[in-house]
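Visitor: Below are the chains, spelled out letter by letter.
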Amino acid sequence: MAGIGIRDVVKRYGDTKVIHGVSIDVADGEFIVIVGPSGCGKSTLLRMVAGLEEITGGEVAIDGRVVNRLEPKDRNIAMVFQNYALYPHMSVYDNMAYGLKIAGLSKDAIRERVDKAARMLQLEPYLDRKPRQLSGGQRQRVAMGRCIVREPAAFLFDEPLSNLDAKLRVQMRLEIKQLQRSLGTTALYVTHDQVEAMTLADRLVVMNGGVAEQIDTPMNVYLHPATTFVAGFIGSPAMNFMPGRLGGDGRAITLDTGAPLRALPEPIVGHGGEKPVTIGVRPEHLALVGQPEAELTLRARVVETLGADTLVHGVLLDKDAAIVPVAGEGGEVLAARLPGNVTVREGDTLPLRVAEGALHVFDRETGRRLADV
Amino acid sequence: MVENRPFLTVLRHVVLLAGVAIVLFPVWVAFVASTHPQPTLLSGVAPLWPGDRLVENYSQLLSAGMAQAGGTPVGLMLFNSFVMALLIATGKIAVSLISAFAIVYFRFPFRMIAFWIIFLTLMLPVEVRILPTFEVVADLGMLNSYAGLTIPLIASATATFLFRQFYLTVPDQLAEAARMDGAGPMRFFFDILVPLSRTNIAAIFVIMFLFGWNQYLWPLLVTTDESFTTIVMGIYRMVNVSDEQPQWHLVMATATLALLPPVAVVLVMQRLFVKGLVETEK
Ligand SMILES: Nc1ncnc2c1ncn2[C@@H]1O[C@H](COP(=O)(O)OP(=O)(O)O)[C@@H](O)[C@H]1O
Ligand SMILES: [Mg+2]
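Line order of the protein sequences matches chains B and L. Mapping the first sequence onto UniProt numbering, position 87 (from 1) lands on 87, and the numbers just tick up by one. Mapping the second sequence onto UniProt numbering, position 161 (from 1) lands on 161, and the numbers just tick up by one.
It is worth saying that the hints were derived from the structure and are not from the lab. Just so it is clear, the structure is predicted and the values come from calculations on it, not from any experiment. Be careful, since some hints might not be right.
What follows is a set of in silico ranges between Cβ atoms, one per label pair, in the way DEER data are often shown [stated by the list, open to error]:
no.: 1; chain 1: L; residue 1: L24; chain 2: B; residue 2: K167; range: 22 to 32 angstroms
no.: 2; chain 1: L; residue 1: R107; chain 2: B; residue 2: E266; range: 57 to 67 angstroms
no.: 3; chain 1: B; residue 1: S236; chain 2: L; residue 2: A94; range: 49 to 59 angstroms
Which stretches of chain B does chain L cover? Using the computed rule of at least three CB atoms under 8 angstroms from a CB of chain L, they are [stated by the list, open to error]:
no.: 4; segment: 75-84
no.: 5; segment: 95-103
The C-beta atom is built at its ideal place from N, Cα and C for all residues, glycine as well.
Just chain B, same shape as in the assembly (with noise of 0.2 angstroms):
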């Protein structure tokens, strides 16, 4: 068992940067989810650690040794893929001895490695079988025993329950979850699916265009999300973003309608005077209110009910009842989850508070972060 660090890596294909220079410190143990959209390069940046792909720029250690150069084999780790690739013509123990039988073990410890194996994943009626008389579920157990028995320093997982139906996919997600916890392997695991991240992760990678845009544990990526990448790809349902400014003193957010939100305790480090920022609020965080303490005020366009929650999506007024413009993910609309209990209708005007320190405030040039509160 091991940590696995990734330095400044870097990934082109010809001319096409794919990867610009990730870093990653892996503690022996943890379980870390890479997590962004479809093509940003989680699987590029995974498959480089398991030797599939060659590195183009700086360095991958595992156990504290420079793999760059070594063949997948002598990287000590072991890996799941998408579609499982089992061997469809070996049986369930072929397919979890292939490797061993390759690495030079005796029959005896090969039996003893995959009965072990196929005891912790309740495998052992099914032995014999081809994977194709398999369900999805029992392939999936079949592709982690064959990394089990391997005994690796690390798992690699990229995408493995997408194949799964969702009812499935939380089943093994817990499955996995127990799995790595109870071995105490380290593992990478990538997937484009904020849920499994979130529950899944000691630590999150949220990647965007081939860049790390935040390394945090799954709270603090959620309440303190480092740019308006991240803030906009976890959470369900999104962050609201407004066009906002900050104040020559570093210190006050106003909407761009003149509207003041609050003020910062403290003025931002280095904020070089008035400027435009992007104000985020997750629409969990956003309460009905008084209309003396409203921050902001919601014309409800439509109403969702969900039982526990009443999610309503509304524009925004200013203090004349004018709608103002904003930048959101869904164009005009903001979005807010309220209690299930209170009754909203099409066309009600909703005075609403931000949370305390849910008030998310980002550089509008650069998307970083600079202050929650």
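Fit chain L with the ligands to the supplied structure of chain B, relying on the hints for placement.
Guide: Here is chain L with the ligands on its own, set in the frame of chain B:
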């Protein structure tokens, strides 16, 4: 079709039976002719039912052959043909499996050029290059040998192309998984690719065995020694005996015998083939 109308069912069977009859009738006539003495066949009316000379005709052929056509025993001819067809079929498969493997799984300079050159040889069957090929085989001293009979026929663009197409459908991740498991290229080839190609191999074996079995011009050219006569050559020689009536009963018996090994190969391989198709792997 789930339709179930009695009239259509009957019609279907009638059409199928008619087809079977059309295909089988000449075979039946050949077999019947092989069981009669020569005079019956020269009388002008072809018999439709077996005669009484089955055992005599066949045992004469298998042991002594036909005196007028060199007297090579048909048993030996069958053996020669079988060895030739087998060597050609297995040789073609072995060479094609490996060259397709090289083309699909390795990045080497001029890879696509290599592929297209192989592909172009489709336009150069033995018949086209027969003189230069003969020259080469003769210079190498391979006349009158199984090597001379088979090696020039082994290179096969068709089979290489078919295996290439199959390899392209094998998911890349399978090769990567094998690589993670520590399998080198040759291990991957023998442990995974070849077993997965099983059904393709069976199909190509059938086709290539028949191709080898039916060779006529090339064996005629490279063998002068009677002991290398193949069955197809033998039949032709029996039909064209000079200054005499062809011994049709023996010719037909030889033809019937010549039919059996290919039929056996098709039957045996078809099982594997269908089995492979039913339990779709991949
Ligand atoms: N072999 C390749 N040649 C050229 N570009 C590639 C190759 N493989 C991946 N890419 C590009 O690299 C980018 C990242 O791909 P990938 O890592 O598969 O994304 P993800 O797994 O995050 O969806 C994509 O834009 C893709 O087009
Ligand atoms: Mg991917």
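Visitor: Compare the structure with each hint and give your call.
Guide: Structure-based check of all given hints:
no.: 1; hint: L:L24 to B:K167: 22 to 32 angstroms; verdict: violated (57 angstroms)
no.: 2; hint: L:R107 to B:E266: 57 to 67 angstroms; verdict: holds (58 angstroms)
no.: 3; hint: B:S236 to L:A94: 49 to 59 angstroms; verdict: holds (57 angstroms)
no.: 4; hint: 75-84; verdict: holds (count 6)
no.: 5; hint: 95-103; verdict: holds (count 4)
When held up to the earlier numbered hints, the structure conflicts with hint 1 and nothing else.
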